[in-house]
Amino acid sequence: MFYSEAGQFSTRYAADRRLFRLRRDRLGLGLLLVFAFAVVPQIGNDYWFSAILTPFLVLSLAGLGLNLLTGYAGQLSLGSAAFMAAGAFATYNFQLRIEGLPLLASFALGGVVAALLSLVFGLPSLRIKGFYLIVSTLAAQFLVPWALVKYGWFSNYNASGVISAPRLDVLGLDLSSPAGRYLLTLGIVVALAFLARNIVRSELGRNWMAVRDMDTAAAVIGIPLARTKLLAFAISGFYLGVAGALWAFTYLGTVEPHGFDLNRSFQVLFIIIIGGMGSILGNFLGAAFIVLFPLLLSNLAGLLLGGLIDPGQLENIQKMIFGALIIVFLIREPEGLARLWQQFRARLRRWPLRY
Amino acid sequence: MDFFLEVLIGGLLAGVMYSLVAIGFVLIYKASGVFNFAQGAMVLFAALTFVSLGERGVPFWIAFLVTLGTMLLLALAVERLVLRPLVNRAPITLFMATLGLAYITEGAAQALWGAQVHGLDLGIEDVPLDLGGLLVSQFDLFAAGMAATLVLLLSVLFNKTRIGLSLRAVADDTLAAQAVGIRLSRIWVVVWAVAGLVALITGLLWGARLGVQFSLSLVVLKALPVLIIGGFSSVGGAIVGGLIVGASEKLAEIYAGPLIGSGIENWFPYVLAMLFLLARPTGLFGERSIDRV
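Sequence lines, in order, name chains D and A. Residues in the first sequence are numbered consecutively from 111, following my numbering. Residues in the second sequence are numbered consecutively from -18, following my numbering.
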C-alpha cells in the first residue's frame, strides 16, 4: 500500500536517476526536513537541543564520514577521532588567525585540513590492506592528540590545550542559542548528507564499492586503486573534520584534545556497525541509537531499581550491553538498522495484504 | 656507552613483555584467522579474577587454577556464542565482533571485581642486578624467563602433539582440515583457552609491574605494532617484534625525546610499524598472501 511503485513511470532518464525515485519518499523527506527546520525549533526545549539533537546530528555526520571509508570503500579505520580533532583545532585556528573569515568557510577549511591529514595516513593503504591498515589509522589516533597537547600553538598556548568556540554567526545571524546551534548543525549535516548520497551513486562511489568487495578484481577491471582509495580517505577525512569542528563548537563549546580519544573512534565505529555499513540512512539510525540508548538505560535503571545500582556499576553494565548488542547485530543483522528499515518498508508495501 | 647499553637492555626486556601480549594474538590469528582485539580485555579479566581471589584468601595455585578454569569457560562461551554463528563471515566482521567481546569482558571484569587498583606481589623484588657493570632489573629478567618458557611450551604443543598438528592443519587450510575430520569447533576452544592461559600469565606479569587495573586492557594497543612488525602469523615474529619495539621505543624516548618533546612512547611504535610496513607489507615473518580473482 505504501511505497508502491505502481503508476510511477520514468519517462525520461533524468527521472530514473533521481536521488529518491518514489514520490512518497520525496514527500516524506520533504516533510521531515520542514519539520526539522521549522517546527522543531518552535517546540523543542534547550535540553533537547543541546543534549540530544545536536550530538545526534554531529555523530551522524561523523558516522557518515567513517561509513564512506569503511562501509563503502572497505578500508577499516580506528582513527576517526584524530581527524575530528584535526578538524576542530584547524577550524579554531582559522577563526583565530584570519580576521573576518566567515564561520562556514572556516568549518570548510577545517575539513580540508582534516582531509589532507587523512590523505597522509591513507597513503600506506596503497601498499597494505586489511588489519595491517589499522596500524596506520591508530598511528594517527595517537599522534594527533599528542601533537595538539605538545605544541601549544594549536590551542593558542592554552595551558591545558583547551579551545573554546568562536562567535557563532552566519551572515549576521546570531546562532549561539541552543536552538541556533541546532539549526546550524542541521543545515550543515543535511547539506553534507545530500552530497554523500550523490557521491556514492557516482562513478567514484561505484569504484569504492568495487574496491571494497575485492580490490584485486577492481584493479583487474581497470579501476585506479590509488586514486580511489586516497579519495576515500580524503573525503572521509573532510566529513570527520567538519563533524569534529561541530562537535567542539556547536555541541560542547569548549574541547580539549583528550575529548577525541580512542573511545570516540570506537563510538563512531559502533554507529556504523549498528546503523548499517554502506548506507547513508544507517548513520542517522545508528547515531540516534548511540545517543538515546544510554539515556534510556539510565532512566530505566533509575525507575526500576531506584538508585540501588551505583553509577559506576551502571556504566559497566552499559558497556556489557553495548558489547553484546554489537555481537548480536553482527550475527543477526550484519547490515544494521538500515536493513531493518528496508524490511519494514517492504512489508508496508504489501500491507494489509499478504502473499 | 654503558648508559646506552643499559637503556637498550631495559628496552629489550620491556619488549619481552609486549611479546607476551602479542603471542596471545598470534595464537588465535593462526588458528582461526580472527584478529582478536579482546586479548587485552582477557588480560584484564584474568588478572582481576586472580588478584581478587587472592585477596579473599585463596592460595596462589588454587587461584591460578580457578582463573584458568574461568578462562576455559570463557573460551567455550566465545566459541559457542560468537564464533560459531559467525563462521565464514568476512575477517572484518569477526574483528568487530571481538571489539564487542572486549567491551563485554571489560565490563564484566569491573562489574564483578570493582574498578579499584589492586596490588599484585609475585614475590620477585624489582631491584636492579649488577651484571658486569650494567644495571638490569631482576623482575624484567624473570619476565623474560617466563616468556622464554612459554614460547618453548607453545612450540612443543604446536610441533609435537596431535592437537598441535590439527592446529597447524586448520591454520594452513581450514576446509582441507575439516575434510580430513578435524573438528573445527574443538580447535577453536583449544586455541582460545591457550590464549586465555597466555592472557593470565601476561596479566600476572604486567599486573605486578603496573598494578592490576583498567589500564591493563590497554596493553593490547602496545602489542599491535609488535604484531605488525613481526607478522600476524608467527610466534617467533612476535618475539622479535617485541624486542624491536621495546628497544627502539626506549632509545627514542631517551635520545629523540628532548628534540621533539617527551611522551612519544605512545605513538612511536606505530610510526615505526608503519615504516616497516612500507618496506615489508606482511611484516618480517608474515606469510605473503596471494590473491586470486
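Calculated from the structure, these hints are not laboratory results. Glycine included, each C-beta is placed from N, C-alpha and C at the ideal position. Treat the hints with care, since some could be wrong.
[As the list claims (entries may be wrong)] Cross-link-like lysine to any residue pairs, in silico, SDA-like; alpha carbons within 20 Å at most:
| hint | chain 1 | residue 1 | chain 2 | residue 2 |
| --- | --- | --- | --- | --- |
| 1 | D | K429 | A | S214 |
| 2 | D | K429 | A | W248 |
| 3 | D | K260 | A | G244 |
| 4 | A | K11 | A | F266 |
| 5 | D | K429 | A | L256 |
| 6 | D | K260 | A | Y236 |
| 7 | A | K11 | A | A89 |
| 8 | D | K260 | A | K11 |
| 9 | D | K239 | A | R261 |
| 10 | D | K429 | A | S196 |
| 11 | D | K239 | A | K11 |
| 12 | A | K141 | A | W248 |
| 13 | D | K239 | D | R337 |
| 14 | D | K239 | A | F266 |
| 15 | D | K239 | A | L256 |
| 16 | D | K239 | A | A71 |
| 17 | D | K239 | D | I331 |
[As the list claims (entries may be wrong)] Output of the computed footprint for chain D on chain A, the stretches with three or more beta carbons under 8 Å from beta carbons of chain D:
| hint | segment |
| --- | --- |
| 18 | 61 to 73 |
| 19 | 118 to 129 |
| 20 | 246 to 254 |
Comparing the hints with the structure gives:
Between D/K429 and A/S214, the direct Cα distance comes to roughly 31 Å. Violation of the 20 Å bound is thereby established for this hinted pair. At most 20 Å may separate the alpha-carbon atoms for a hinted pair to count; D/K429 and A/W248 exceed this at roughly 27 Å. A threshold of 20 Å between alpha carbons decides the hint, and for D/K260 with A/G244 the separation of about 9 Å falls inside it, so the pair holds. The suggested pairing of A/K11 with A/F266 holds, with an alpha-carbon distance near 13 Å, which does not exceed 20 Å.
Note on D/K429 and A/L256: the hinted pairing is violated, with a Cα-Cα distance of about 35 Å set against a maximum of 20 Å. Annotation: proposed proximity of D/K260 to A/Y236 holds, straight-line Cα distance about 17 Å (limit 20 Å). Among the hinted pairs, A/K11 with A/A89 is inconsistent with the structure: their alpha-carbon atoms are about 27 Å apart, more than 20 Å. For a cut-off of 20 Å, the pair hint linking D/K260 to A/K11 is broken: about 39 Å separates their Cα positions.
A distance of roughly 12 Å separates the Cα atoms of D/K239 and A/R261; the hinted pair therefore holds under the 20 Å criterion. Our distance criterion of 20 Å between C-alpha atoms is met by D/K429 and A/S196, whose separation comes to about 16 Å. For the suggested pair D/K239 and A/K11, the alpha carbons sit about 18 Å apart, so the restraint of at most 20 Å is met. With a C-alpha separation of about 39 Å, the suggested pair A/K141 and A/W248 falls outside the 20 Å cut-off, and the hint is violated.
Proximity of D/K239 to D/R337 is assessed by CA-CA distance (about 15 Å); at most 20 Å being required, the pair is judged to hold. About 17 Å separates the Cα atoms of D/K239 and A/F266, which keeps this hinted pair within 20 Å; it holds. A hinted pair counts as satisfied when its Cα atoms are at most 20 Å apart, and D/K239 with A/L256 qualifies at roughly 15 Å. Between the alpha carbons of D/K239 and A/A71 the distance comes to roughly 14 Å, so the proposed pair stays at or under 20 Å and holds.
Our distance criterion of 20 Å between C-alpha atoms is met by D/K239 and D/I331, whose separation comes to about 19 Å. Interface restraint, the segment 61 to 73 of chain A with chain D: holds (7 residues with C-beta to C-beta distance below 8 Å; minimum three). Using a Cβ-Cβ cut-off of 8 Å, 0 residues of the segment 118 to 129 of chain A lie near chain D, which falls short of the minimum of three, so the contact claim is violated. Residues of the segment 246 to 254 of chain A with a Cβ under 8 Å from some Cβ of chain D number 5, which satisfies the need for three, so the listed coverage holds.
Of the numbered hints listed earlier, those contradicted by the structure are 1, 2, 5, 7, 8, 12, 19.
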